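Visitor: The chain contents come next:
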Amino acid sequence: MEKLLAQMPHDAIYMNKNLVCGALIYGNSSWTNYWENTLKRDNPNIGRLTTQSMTAMLAYGIKKDLNLIAIVPFIKTDASQGNLLGQKGLQDASLFLKAKSKSFHGITAHGVLGFSIPLTNYVPDFMPMSIGLGSKSFIVRGIISYNLPKNLYVNSSISYQARSMVKADRDAYLSGGKLYNTNQVPVPDAFDAALRFGYLKKDNQLELFAEHFSCTKGDDIRRNDMPFLTNDMTMSTVGIYGKYQPKSLGVNAKVAYVFDGQNVGQSTTYSLGILYQFKL
Amino acid sequence: MKYIITIFIAMVFISCDKSANELGLVPYMPTNLDETGGTWKTFVLADPTDVSLSAPLLISDPLYKKEIDSLKTIVVTDVQKQAVQYWGAGVVLRWNEIARELSAKYNLPPAANSSGVYPVPNAADPLADPKFPFANPPYTARALAYLSVAQYDALVAAWKYKYQYKRAPPNIFDSSIKPLLPISTLPSYPSEYAVVSQASYTVLLAMFPGEGPFLKQKLDEAKNVPIWAKTNVPSDVNAGLSLGAAVAVKVMARAKADGMSAANNQALVPDLINHSKSIGFVNPWISQETPARPPMLPNYGAVKTWNFDRTTLESIRPAKPYLEGSAEFKKDLEELQNIQSNQTRNQAAIANYWADGPGSYTPPGHWHRYACQAGFDAKYSEIRMARMLAYVGTALMDAGIACWETKYYYYSPRPQQFGLKTSVGLPNFPSYTSGHSTFSYAAATVLSSFFPDKTSVFNAYAQEASDSRVFGLIHFRVDCSMGGKHGIQIGDYAVKRAKVDGAN
Chain A
1 MEKLLAQMPH
11 DAIYMNKNLV
21 CGALIYGNSS
31 WTNYWENTLK
41 RDNPNIGRLT
51 TQSMTAMLAY
61 GIKKDLNLIA
71 IVPFIKTDAS
81 QGNLLGQKGL
91 QDASLFLKAK
101 SKSFHGITAH
111 GVLGFSIPLT
121 NYVPDFMPMS
131 IGLGSKSFIV
141 RGIISYNLPK
151 NLYVNSSISY
161 QARSMVKADR
171 DAYLSGGKLY
181 NTNQVPVPDA
191 FDAALRFGYL
201 KKDNQLELFA
211 EHFSCTKGDD
221 IRRNDMPFLT
231 NDMTMSTVGI
241 YGKYQPKSLG
251 VNAKVAYVFD
261 GQNVGQSTTY
271 SLGILYQFKL
Chain B
1 MKYIITIFIA
11 MVFISCDKSA
21 NELGLVPYMP
31 TNLDETGGTW
41 KTFVLADPTD
51 VSLSAPLLIS
61 DPLYKKEIDS
71 LKTIVVTDVQ
81 KQAVQYWGAG
91 VVLRWNEIAR
101 ELSAKYNLPP
111 AANSSGVYPV
121 PNAADPLADP
131 KFPFANPPYT
141 ARALAYLSVA
151 QYDALVAAWK
161 YKYQYKRAPP
171 NIFDSSIKPL
181 LPISTLPSYP
191 SEYAVVSQAS
201 YTVLLAMFPG
211 EGPFLKQKLD
221 EAKNVPIWAK
231 TNVPSDVNAG
241 LSLGAAVAVK
251 VMARAKADGM
261 SAANNQALVP
271 DLINHSKSIG
281 FVNPWISQET
291 PARPPMLPNY
301 GAVKTWNFDR
311 TTLESIRPAK
321 PYLEGSAEFK
331 KDLEELQNIQ
341 SNQTRNQAAI
351 ANYWADGPGS
361 YTPPGHWHRY
371 ACQAGFDAKY
381 SEIRMARMLA
391 YVGTALMDAG
401 IACWETKYYY
411 YSPRPQQFGL
421 KTSVGLPNFP
431 SYTSGHSTFS
441 YAAATVLSSF
451 FPDKTSVFNA
461 YAQEASDSRV
471 FGLIHFRVDC
481 SMGGKHGIQI
491 GDYAVKRAKV
501 DGAN
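Same order as they appear, the protein sequences are chains A and B.
The first sequence begins at 1 in this note's numbering and counts up by one.
The second sequence begins at 1 in this note's numbering and counts up by one.
Here chain A stands alone, though its shape is the one from the complex (with noise of 0.2 Å):
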């Protein structure tokens, strides 16, 4: 149910200018139990949810201290039991710019600002199997870094995902228990936060991370009805990210698991990527 993007807009790493780090990132995320407003519950019409992802990934160096990052996924659900069809397709393409401050006492200030926007006409309302919400989003994101020594490092990271209002198929839908009869839905607008720390040498890093995603509003699913796209979306999740490159080639991993949550799936997600980087 999460939008999947890479880790690259969190982080505090820079590609120097006229430096491209191009990305193609298999991920897999699922889930069996799943949050029915509060209610962990599982379901064995649906069985085990898949959502899997291939995406592409470019970050640029503008500056050194100014980086454009550009995600394109391609998106695909299934269901182990039950008869909803999977539905697959390329999702929201997003571009970020990340820049940052001067270090003080090892202590960094970044500032990220980024939009995503569908890039097709995908069903947003045939959620669980939906490949995505279908809005238009904005996203401003500041983060925190402090480097410590052998390495090591934390970075703390706040953001505010604005979201569009979306076209649902349906002229009408039920939210909070009246009746809207439109096809315009409101997507809330998200918050999240994130913890990490790790270890940074070069190229070569190894993460743990806590993450926390929030809507500022929304309904809840009903007992035994199915999500939407209006519902106030919870989750908390830890996880493990390492990469490793030698050279201009490398790889990325990434394991995480959402531990609580609300009107979502208990997935746990895990993500392999290869890396290449150029000189423009």
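Hints are computed from structural coordinates only; laboratory data are not their basis.
The structure presented is a predicted model; accordingly, all values stated were derived computationally and were not measured.
By construction, the Cβ of each residue, glycine as well, lies at the ideal position given by its N, Cα and C atoms.
Any given hint could be a false lead.
Unchecked claim - Pairs of lysine to aspartate or glutamate residues, derived as DMTMM-like cross-links and limited to a Cα-Cα distance of at most 25 Å, are as follows: (1) B:178 x B:35; (2) A:178 x B:35; (3) B:454 x A:171; (4) A:167 x A:203; (5) B:131 x A:36.
Stated by the list, open to error - Partial list, derived from the structure: chain B residues whose beta carbon lies under 7 Å from chain A: (6) 101; (7) 105; (8) 108; (9) 288; (10) 345; (11) 353; (12) 423.
Go by the hints and put chain B onto chain A.
Guide: Using the frame of chain A, we list chain B on its own:
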């Protein structure tokens, strides 16, 4: 930094206003007062005089003068003005809209309990889990039909007494009164707002017993609207309330005896399956849910119809569909298999638009919405709006009954029993015939007779709704084509009845 600013500015333009705007329905002056409405043939009342209404005070009576004066001193708040504008768009229409909202709210299949059993909603404890009712398509078709019939019969009675007693509206008696709504010369006793609101309240409370406080609040608002709008005096309103209540009692007496209480008789199921096998279905329908859910209302087909009798219902039952193994069956199955592999975005959109599944007002609600819009666009009077909705509503309920009778007569399998998935969600009852097709063609047929210049639009909608079930992969083509034909026949019975009710 300038890049950031550029992106920021671009985003401000991309970000949209997030208030969900609905189509504006505003007060209007009807094109026709329908003065003869009191003579129109009713559905449940044998005659409008089945419900009595005593004569109002004469306008020469000082008490009436006092009522008129009371209107002049009323200070209408902004909230009350909003209520006037809201209900002024049509009291019949607004109660229909409220009923659709409640249908959507209660349209949720119960969850299985920990022992894998699906508890049955209990009318005596409506807010317990699972909530009563499960407002599925047959339930909603029936709720909306009784609502519309009660509104119509109540308005026929109201019109009869309006023109019998001929009390002029307050602003004609005293020209210093400035109504907040368009006002005609329609006699004001009894108040049509009060008649419709009390009748609607009574029916909806019976259909959605957990919604008492919500419905009471709507009733209290609606019945005060003509006072705030200065289009009725309190005695008009009180007379309307008592007349509306009396009509609703009679309409609900029919509802209580129409067979709905036995519609979920699951004891019939083994015999239905045996019958299906005996007429050639090798694999009768079986629930595709885990745990298996009992079929939805297997005896709804025995509920009392409105516009034709039981013999007719059986005589127009669609012929047996193609059996598994036949060339025709294979062709229909292949059509679905091809759609599953190559479903276009447009097919998915049509399937989703008409899906009207859980959390929606169901296909009968969708058609009531279109009907309300058409009546609004045509500037129908309240009584003509109620009449049109009564024919659309009873045709939709008849469609539900006849379609359910057909479904359980054949008990035919769903495409999912042959390996197909769905892009809309799978209803839990036999396949043949398609409810969407039957409902939609029945409604389109009635609507086309009321609004002949929109015939092609309504028929196109019906065909799209019918196709949507093939595009969504949950019906074979024959389910839809035969359901559609059945729906036209069912709608025609309502049209035939409407032609001789004295309104044309």
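Visitor: Check the structure against each numbered hint from earlier and tell me which ones fail, lowest number first.
Guide: 2, 4
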